[in-house]
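All chains should be modelled from the sequences, with the hints used to inform the complete structure.
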Amino acid sequence: MAVITLPYKYLERLTRTDRKTILDKVALIGSDLERIEEDHADVEFFPDRPDLFSPEGVARAMRGYLGIETGLSSYPVKPSGIKFTVDPALATIRPVLGAAVIRGVSFDDESIQSIMSLQESLHWAVGRGRSKVAIGIHDMDTVRPPFHYIASRPSRGFIPLDFTEKMTMTEILEKHPKGRDYAKIVKDFPLYPLIVDDDDHVLSFPPIINGERTRVTIDTKNILLDTTGTDKRAVSVAVNIICTAMAEAGAKIESVEIGGVQTPTLAPAERTVSVQECSRLLGIELTAASMAELLRKMRFGAEPAGADTVKVQVPCYRADIMHDWDLFEDVAIAYGYDRLESQPPTTFTVGKPHPVQVNAALAREAFSGLGYLEVMPFTLTNEDVLYKKMQRDEKKGVLRVMHPISIENTVVRTELLPLLLEFLTLNRHRELPQRLFTVGDVVDSCLTYQQAAGVSTHPDADFSEAYASADAMLHELSIEYTVKESADAAFIEGRRGDIISGGKKIGVFGEIHPAVLNAFELEHSVAAFEFDLRAVPGYPVL
Amino acid sequence: MAELTQNEKRLLAILEKENKADAPHLAGLLEATPEAVVQWAHLAQDNGFALVERVVAKEFVYTDEGKAYAQDGLPETQLLRFILPGTTLADLQKHEAFKIGFGQLRKKGLVKVEGTSVAKTAGATTDADESALKNPSDADPKTKELIKRGILQESETVRYTIAITPAGLTLVKQGLDLRGESGTLTRDQIISGEWKNLNLRKYDVSKLPKKAYPGKIHPYQRIIGEMREILLEMGFTELYGGIVQQSFWNFDALFQPQDHPAREMQDTFYLRETLPLPPGYEKVKAMHESGGETSSTGWGGIWKEEKAEQCVLRTHTTSVSIQYLANNPNPPVKAFCVGRVYRRETIDTTHLAEFEQLEGIVMDENVSFGNLLGILREFYNRMGFESVRFKPSFYPYTEPSLDAEVYVDGIGWIEMGGAGVFREEVTAPIGINYPVLAWGLGVSRIAMLRLGLKDLRLLHKSDVAFLRETPSLRHTKGGI
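Quick mapping for you: the protein sequence lines, in order, are chains A and B.
At position 225 of the first sequence the residue is numbered 224 (numbering that gives the first Met the number 0), and the sequence of numbers has no breaks.
At position 103 of the second sequence the residue is numbered 102 (numbering that gives the first Met the number 0), and the sequence of numbers has no breaks.
In short, the hints are calculated from the structure, not lab data.
Treat the hints with caution; some may be incorrect.
Said to hold, decoys possible - A short list of chain B residues far from chain A (calculated; beta carbon distances all over 10 Å):
(1) L28
(2) E34
(3) E95
(4) I146
(5) Y159
(6) G192
(7) L197
(8) T236
(9) M264
(10) K390
(11) V407
(12) K453
(13) D454
(14) L458
Unchecked claim - Listed below are the simulated SDA-like cross-link pairs for lysine to any residue, each with C-alpha atoms no more than 25 Å apart in a straight line:
(15) B:K215 / A:R533
(16) B:K390 / A:S278
(17) B:K460 / A:D440
(18) A:K394 / B:P275
(19) B:K210 / A:G368
Even for Gly, the Cβ is constructed at its ideal location relative to N, Cα and C.
Rendered as structure tokens:
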């Protein structure tokens, strides 16, 4: 999530109202107020609204929401006359380039920090960690146009930002902190992306690092913005958001010619939407005029075009408007969620529990009747608990997660009994007897189904208890079964039985083997059983 | 008043005749030790039927030395008797009492030595000392002196006298059941009618002899059960589905772009297994790439089949509800699902890699975002949360989206879950033509608040004592 720092003085100046009015309402446009400090507030915005990742963007939205200034903000763009060439060799490396010239900026330390943090938030939300989009901001007066976006040999060197020595691009990927962080995006290509000026000075090695030469300082007056990436729309969104934020701060935006096209235009997109559709979706009465007014409050250009139609101009920075319903959400926000009439739907329907859960509930009831206490173990466990400590072979259908968090959580459980023994270990210091059960999901490869298991520990726990309890459970669930001598090494030989139903083994019961008790560090005998709930007659097939 | 024991009754019965007696005497009559009788008497005293008097008697006894003096007189007395006019010191020194007696005589000024002869002083007598020896008394300083000299010893003896009180007398007169007690009621006694003559031992009903622990359902499961019941009452059909899901149903069908951060390895548990894509998956592909036949632009880029085939541990139960919708495209549909979901999070007191999620969907002609708010308000109200509010939020597969918050006394507004209307990009490819209202909530959050847990892990790695102590019926106030 993007947490944006909003300095009060700057925000008040841009919004043209006091901080209290702003902070009272900022959550209503879709944000979480994280912290309120002496001179600033930290506010978290959702990733679909990167246009709110700067004080300028927030002020623009709040002016609309508070009715101070509504409708479309337009941003005039005039051509800078500057050209940017793109090397065709980049087509398979990092093909897309966006750029703009931003003139007449006035920076102080705080506003430099603010633009840097906007850049970083965009790298995260729009740029997917710079792989899709990477942004470079340069002091334009240190270099000479035209500019060239080229594919360069990795052995070429320049002085990267925050360094004093020249480094080759290969060295940057190995040694520079940013190089190490983002090396994976470019390191497998034979040539690396590079931006140079007409004198062959390096501006940037996208998406890794800028050159030290074009560093932005408080003396910077004019900016060259470069944005490179793999996705045309995402690159353009990033350019639009930065340019419009800078324009809100008072700068003048000029376009650059790339491949014969002037960019950016900062022009709105158009959408024609149905008032009736919006009205039905939100459950509120709307007219074309009232809907247009609400949209203007959210900084769209909007005019009624007939009784059921509103023509909307979507500002260039609103990357999230993909579909008409995205506009309808803004209508709802402008209307106020607290004012929406909240009535449950009236269609008659009948509630119906799922048979798997009905069976699980019956099993829980029967276990409780036998004096067993329910536990709800994790479903992620490890081979050591599931198989090794149990002296069992690994199951064929064991599911391993590819990137486990820890060695404790490497597989999804294929049975429940080992987890109950783990519980007994955890509760060794508690009063005996302890009788525990669990009913829940296990997997066999990609298939999920439910098992039930119980353990009883006390000095006299034995085969007879295990048999009697298993029998009672199976009987309560109407499972007809026979018993065969078992070979399950988790139990003592001669004190273990396989539960057979419908011609196949559906479970096991018996007295836990002392070696298994040792492995779980248990000191008293354990009577245990587990069975497959799919043996319940009429059980649903998944 | 506690019930009288058999022994108390026997004691009172004797006391009725004796009225007041000392313990050894009563012990003889009751064929018990005096100590036991005193114990019974104390119990009877606690009940107000007897008075126990502890009498401490101080006695003076002679030491072995003192016994001899009692017979022969104190050494100084013996010497005094021996001194006659003309007795020399040398004569006196031969007397066996000289060593002790002479010092005493000098000290008391009863003799004087003149040259080699010894003479009594005028009126010299040890009568007072002798009297203190014969009849020692606490008040007599001479007695104290004798104690100091090791001739007398002080000793205390404790005696108990036991008397019956008027209440005790009344009780005895009313009649006491002095039959022998028995602890158990046997089958023979029940059948034979012998029980009529039995005096079954009575218990102190204020003391729980031993705790019993019933088998029962986990308190967390009960909370899940309560939510299920509410939704069943509200007319929802329950769903159940696998914890292993294809990325297609977990992400792609929900219009989650293939490069979305939530789909990365560090957030989702991926499995090596793959499953073939369902028929009609091309519509989802078209939706991602270009928005299909809707007003959407889609995400652009190329949608890759192999990414969608990969299996994951479901990150939400929406993967189950979306498949249910695909199989049940006709309105109305009202369904919910409670199940475990997985996020690749570092486990700590408030974050688990697996937790229960409850999710509901409503698909019908003419249902609106306002209806969604209505369902949520109703659900949270039934859970006991009286104040519910909504604020804008963002979820990749709903539009409009909201977060629901409930008010809890002493804590404030708490975020409970997200909701929204499924995007058309989600519903159109699976052939759904009406709005789908969807919401989800973290069940464990409510459980943590209700059960007062500081550590979420305790829901799954529970202390048996906690489970035993948590009652099945917990009174909730304001939802907590």
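These are the hints, each one checked on the structure:
1. L28: holds (46 Å)
2. E34: Label holds. Min Cβ-Cβ 36 Å, cutoff 10 Å.
3. E95: holds (75 Å)
4. I146: At about 59 Å from chain A, I146 of chain B clears the 10 Å cut-off, so the statement holds.
5. Y159: holds (42 Å)
6. G192: holds (35 Å)
7. L197: With a cut-off of 10 Å, L197 of chain B remains clear of chain A, as the shortest Cβ separation is near 32 Å.
8. T236: violated (5 Å)
9. M264: Given that some Cβ of chain A is not farther than 10 Å from that of M264 of chain B, nearest at about 5 Å, it is violated.
10. K390: violated (6 Å)
11. V407: holds (18 Å)
12. K453: holds (18 Å)
13. D454: holds (14 Å)
14. L458: violated (7 Å)
15. B:K215 / A:R533: holds (23 Å)
16. B:K390 / A:S278: holds (19 Å)
17. B:K460 / A:D440: holds (17 Å)
18. A:K394 / B:P275: holds (24 Å)
19. B:K210 / A:G368: holds (17 Å)
Checked against the numbered hints listed earlier, the structure breaks hints 8, 9, 10, 14; every other hint is satisfied.
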